[in-house]
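Novice: Please model the entire structure based on the sequences and the hints provided.
Residue numbers (the numbering used here), protein chains in the order written: chain U, 40 to 315; chain D, 17 to 448.
Bear in mind the hints are in silico, worked out from the structure with no lab data behind them. Honestly, I wouldn't trust all of these hints.
Said to hold, decoys possible - Computed cross-link-like contacts, BS3-like style, restricted to lysine-lysine with a CA-CA straight-line distance of at most 30 Å: (1) D:LYS386 / U:LYS146; (2) U:LYS146 / D:LYS369; (3) U:LYS146 / D:LYS380; (4) U:LYS144 / D:LYS252; (5) D:LYS369 / U:LYS144; (6) D:LYS231 / D:LYS252; (7) D:LYS200 / D:LYS31; (8) D:LYS286 / U:LYS162; (9) U:LYS117 / D:LYS369; (10) D:LYS395 / U:LYS162; (11) U:LYS111 / D:LYS199; (12) U:LYS101 / D:LYS369; (13) U:LYS107 / D:LYS380; (14) D:LYS372 / U:LYS146; (15) D:LYS380 / U:LYS277; (16) D:LYS31 / U:LYS277; (17) D:LYS372 / U:LYS107; (18) U:LYS127 / D:LYS369; (19) U:LYS162 / D:LYS386; (20) U:LYS107 / D:LYS369; (21) D:LYS49 / U:LYS244; (22) D:LYS31 / U:LYS254; (23) D:LYS380 / U:LYS127; (24) D:LYS380 / U:LYS162; (25) U:LYS277 / D:LYS286; (26) U:LYS111 / D:LYS344; (27) D:LYS286 / U:LYS254; (28) D:LYS199 / D:LYS252; (29) U:LYS230 / U:LYS101.
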Amino acid sequence: MSERPDIIYYYDGTLEGLFCCIYESYAKKEIPLDIIDHHRAQLQFFNTKYIHTVHQKSERVKNGLLKKAGRKVYVFMKKAFLTCIPQKEIILLRFARLSFAQGMKVKSLLSHPDVDVLNRAVKHLNRETELLLGFLRFSEYGGVLVSVIEPKNQVLPLLKPHFCERFSGEAFLIFDQTHHQALLYYKGHSKICEMNAIRLPQANKEEQGLRLLWKQFYRTIGISSRYNPTCRRTHMPKRYWRNMTEFQHFELHTGTDEHNEDILLICPNSNNGIKT
Amino acid sequence: MDIFDKLTILADAAKYDVACTSSGAHRRKQAGKLGNIMPRGCCHSFSADGRCISLLKVLQSNICAYDCCYCINRKSNDIPRTSFTPRELADLTIGFYRRNYIEGLFLSSAVVKNPNYTCELMLQTLRILRLEYEFKGYIHAKIIPGADISYIRAIGFFADRLSVNIELPSEQSLRLLAPDKSKKAILQPMEQIRNEILSNRQQIVEYQKGQSFSKAGQSTQLIVGATPENDYQILKLASAMYRKYALKRVFFSAYIPLVDHRNLPSLDTKPPLLREHRLYQADWLLRFYGFEAEEILDEQNCYFNPYLDPKSNWALKHMEYFPVEINKAPYNMLLRIPGVGITGARNIMIARKATKLDFTDLKKMRIVLKRAKYFITCKGKMMPGIGCDTKHALEGLILNQGKKSAFLLGAHQLSFFEPTSEDIYQCLSGQI
Ligand code: SF4
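Specialist: Rendered as C-alpha cells:
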C-alpha cells in the first residue's frame with residue numbers, strides 16, 4: 040500500500056459517499072492526503088479525484104465493517120460522521136482501516152491517536168445532544184411547535200427519536216441554524232431536510248403569557264444567597280443561552296392577533312412544503 | 017390574584033426544597049399522548065445559583081396551619097398567601113411541558129387546614145393531569161406527614177416519585193423546631209411507601225399487569241446547619257435511611273436563615289455550603305463506591321475535613337492499601353483511588369485488556385493524575401519523582417485541591433486563606 044501524499048479525494052458530503060472513498064482507498068491501495076466535501080472545495084495545489092457515490096460500493100464497505108468489527112463500531116462511525124471536528128473524513132478513513140485490521144478490538148485502543156480524537160469528538164456530540172434535550176425551547180405558532188438551535192455538531196438525527204416520542208401527538212419543527220437543516224414531525228411522520236432560513240410571526244397572547252411565566256419562574260427559583268455564576272456556566276455554557284426563553288427579551292405585543300401571518304415553511308430540497 | 021403573582025409566591029416558597037431530579041423512572045411513549053420519561057433524568061436549565069431545573073417546583077398552596085419555626089410559610093409569619101386551583105396548576109404544567117421548559121411537576125404543599133384536605137387538593141391536580149390530560153411526564157409528589165394511608169396510596173399511583181422530608185436530623189431538634197410534626201408522623205408514611213412499592217412490585221411480577229406505584233421510589237431531605245447535629249450523625253442517618261426505607265436519594269440542604277428565632281442560627285449565618293458539598297461527596301461514596309459510613313467518619317472524627325474530599329481523606333489514612341497497580345487491581349480497589357471515578361475505573365478495566373497501561377495512557381483516559389499519582393503504580397513503577405507516603409501525598413493533594421475548594425466555595429466558609437500542611441495534618445488526625 041502506498042501513502043499518496045499528493046492526492047485529495049472529493050466526495051458528496053454524505054456518509055455513503057465517505058464509504059465509497061474508503062472503497063476507493065482499498066481498491067487503489069492508497070491513502071489520500073485528505074478527503075473534502077466538494078461543496079467546500081477550494082483551489083488545490085494537489086491532484087484531486089472526485090469519488091462518485093455508488094450504492095453497491097458503500098454497501099460493501101458497510102457490510103464489511105459490520106462483519107469484521109461489529110455493529111458497535113459501525114454505529115460509532117456513523118456518529119463520528121455527525122461531529123464537527125476538522126478533517127473528520129480522513130480520520131474516519133484511517134479508523135476504518137484500523138477496524139478492518141483489528142476487528143472489534145479497535146474500540147478498546149483508547150490511546151491510539153485516531154481512536155482518541157474520534158472518541159473525544161463523539162463524546163462532545165453526545166454531550167451536546169444531551170444538553171439540547173433539555174435546553175431546546177419550543178414556541179407555539181398556530182398549533183405548531185417551533186424551535187431554533189445552533190449546535191456545533193449535527194445533532195438532529197440524535198434528537199429525533201426523543202422528541203418524536205415525547206411529542207408524538209404534536210406537530211413540530213426544529214431548525215438547526217448552523218447546518219441549515221430542519222427536523223419536521225407531524226402525526227407519526229418525521230423527516231430531516233435542508234432548510235435555509237425561517238421567518239417566524241409574532242407570538243400570540245397565550246404564547247407570550249407562558250414565556251413571561253417561565254421567565255418569572257426562572258427568576259424566582261434562584262436562591263440569591265447561593266448565587267454561583269461559575270457553576271451555572273459550567274453546566275449551561277453561554278452559547279446555548281441565546282435560544283433559551285428564560286434569557287430572551289420579548290417585546291410585549293399588545294395588539295390583536297389578526298396581523299399574524301401564516302407560517303410558511305419551505306424545504307427547498309423536498310417537494311412538500313408544510314403550510315399551517 | 018392572577019396566575020403570574022401566584023406562580024411567583026408559590027415557586028418562591030418551594031425553592032428551598034432541593035430535590036429536583038427527574039431520574040429513576042422510565043416510561044415509553046404511548047402514541048398520541050403527551051410525554052415520556054428518560055431514566056437518567058434531564059436538566060432543562062440551571063438557575064442563577066447553579067442548580068439544575070428539571071421540574072416545575074411549586075407549592076399547591078402556602079396557607080399553612082402549622083408553625084415550624086425554620087420555615088417561611090409558618091402560620092405566624094406575615095407573608096402573602098395564596099393557592100393554585102388544581103386546574104390552574106395542571107394547565108401551567110402542560111403549557112411548560114409542551115415548550116420543553118420542564119420534565120414534569122414537583123408538587124408539594126403547605127398544610128392547608130389539615131393533612132388530608134391538603135392531599136385531596138394535590139390529588140385533584142394529579143387527577144386532571146394524569147386522567148384528563150393523559151400526561152405521561154414526570155411527577156414528584158411530596159407526602160404530607162399525618163395524611164391517611166388511602167391518600168398516600170392514591171397519590172403514589174399517580175406519581176413517579178414520592179418523598180417525605182425528614183428535614184431535621186434528630187428527634188430533639190424536631191420537637192424544638194417543628195412542634196406540629198413528630199418523628200412518627202414522618203417515618204410512618206416512609207414505611208408505608210416502602211411496603212407499598214414492594215407489594216406493588218410483586219403484584220406486577222405475579223400478574224403482569226397493574227399500575228405501578230411510585231416507580232422511581234422515594235427520597236427525603238435533611239437540613240444541614242439549622243441544628244447542632246454533626247456530620248457523622250447526619251451521614252449515619254442517611255445511610256440508615258437508605259437501608260431501612262430503601263430510599264433512592266437523600267438530599268442535603270444547607271440551612272439558609274430566613275427566620276429570626278432563638279432556637280435557630282442568627283440571620284447573618286452563611287449557609288454551610290462546604291458541609292453540604294462534603295455530605296454529597298460522602299453520599300456518592302456510600303451509594304456508588306462501596307464505602308460504609310463508618311469508614312468515612314467516626315465518633316472521634318465526626319466532622320469532614322474542610323480541605324480534602326472524603327475519598328482522599330480516607331486514602332491518606334489508609335496508606336497501607338497503596339500504591340495500587342493499575343494493570344492488576346480489582347475494580348473495587350480502582351474505585352478507591354483518589355482521582356479515579358466510576359468511568360475512569362471502567363475505562364481502565366476495558367483498556368488494560370488490550371495493552372498494559374502506563375501513565376500517558378491514563379492521562380488520555382481522563383484519570384486525574386494530579387491526585388492519583390501518589391497512590392498508583394503502572395507496570396510496577398510509581399511516577400518518576402513521586403513517593404507513596406502520607407506526607408508527600410498530603411502536600412500534593414492540598415496544593416491541588418485544598419485552596420481550590422476553599423476558593424470555589426467561598427473563602428468565608430473557612431477562617432483562613434492559605435492552609436499550611438500543618439493545619440491539614442490536624443484535620444486529618446481529627447483535631448479540628
Ligand atoms: S408544615 Fe411545612 S409549610 Fe407548614 S410551616 Fe411546617 S415546614 Fe413550613
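Novice: Which of the numbered hints are not met once you compare them with the structure shown?
Specialist: Hint check: 4, 8 and 11 fail, others pass.
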